[in-house]
Amino acid sequence: ILNDMIWAESAFINSKQNDFRTNRGFELMNPVKIVCPTNDAKEIEDLIKAGAEELYFGYVSSSWARKLSHIASSNRRYYPESSFNSMKDVAKAVTIAKKHGVPVSFAINGSYYLKSQYPELLSQIKHAVKAGIDAVILSDIPLMLMVRKKFPKLGLIASTCTSSFNSESVKFYQSLGAK
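2 is the number of the first residue of the sequence shown in the working numbering; add one for each residue after it.
Read the hints as simulated data drawn from the structure, not as lab findings.
All C-beta atoms in this analysis are idealised placements derived from N, C-alpha and C, irrespective of residue type, glycine included.
Not one of these hints is a red herring.
For each label pair, taking beta carbons as the anchor points, the in silico distance ranges come out as:
#: 1; residue 1: Lys100; residue 2: Lys150; range: 30 to 36 Å
#: 2; residue 1: Ala51; residue 2: Gly133; range: 19 to 25 Å
#: 3; residue 1: Gly178; residue 2: Tyr113; range: 16 to 22 Å
#: 4; residue 1: Glu121; residue 2: Lys50; range: 30 to 36 Å
Calculated pairs, BS3-like style, for lysine-lysine (alpha carbon to alpha carbon, straight line, at most 27 Å):
#: 5; residue 1: Lys180; residue 2: Lys116
#: 6; residue 1: Lys131; residue 2: Lys151
#: 7; residue 1: Lys34; residue 2: Lys100
#: 8; residue 1: Lys89; residue 2: Lys127
Generate the whole structure from the sequences, applying the supplied hints.
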């Protein structure tokens, strides 16, 4: 393990302007990108200073929390402190990230939702789009289709919760517009 750590450090130190060739002759095809969750606008600048290249967040509205609690969280984060609870705070966080050129995604990645939940989820996405998000992270296929139709310019990210473990499932989500 120590040799691999030394090799990784050496590869990083020896890289020049996105040339990720190493002294072992390997090429790193996809250098690591640091993507961080956030739930507080006050921490955005610190996350960016620490190396975050992209941010994502969850949001649980007061009406969602009242009806369903955080146990049925829309973003698979089941405790109140893990998500924004105000779109005003979301907008503030997105503004700070954009000032630094850091993209922001909105996670609504429950595996599935009830038909009655879609209007509120789409409303949340609409407000987040107005705040300036770059993409939405989704798992639910019907919601993906609705988002693609209502927000065609919004980036769509297939959540890890989609269980895309083979090339065919990846192609399927790409056909829906996901990256």
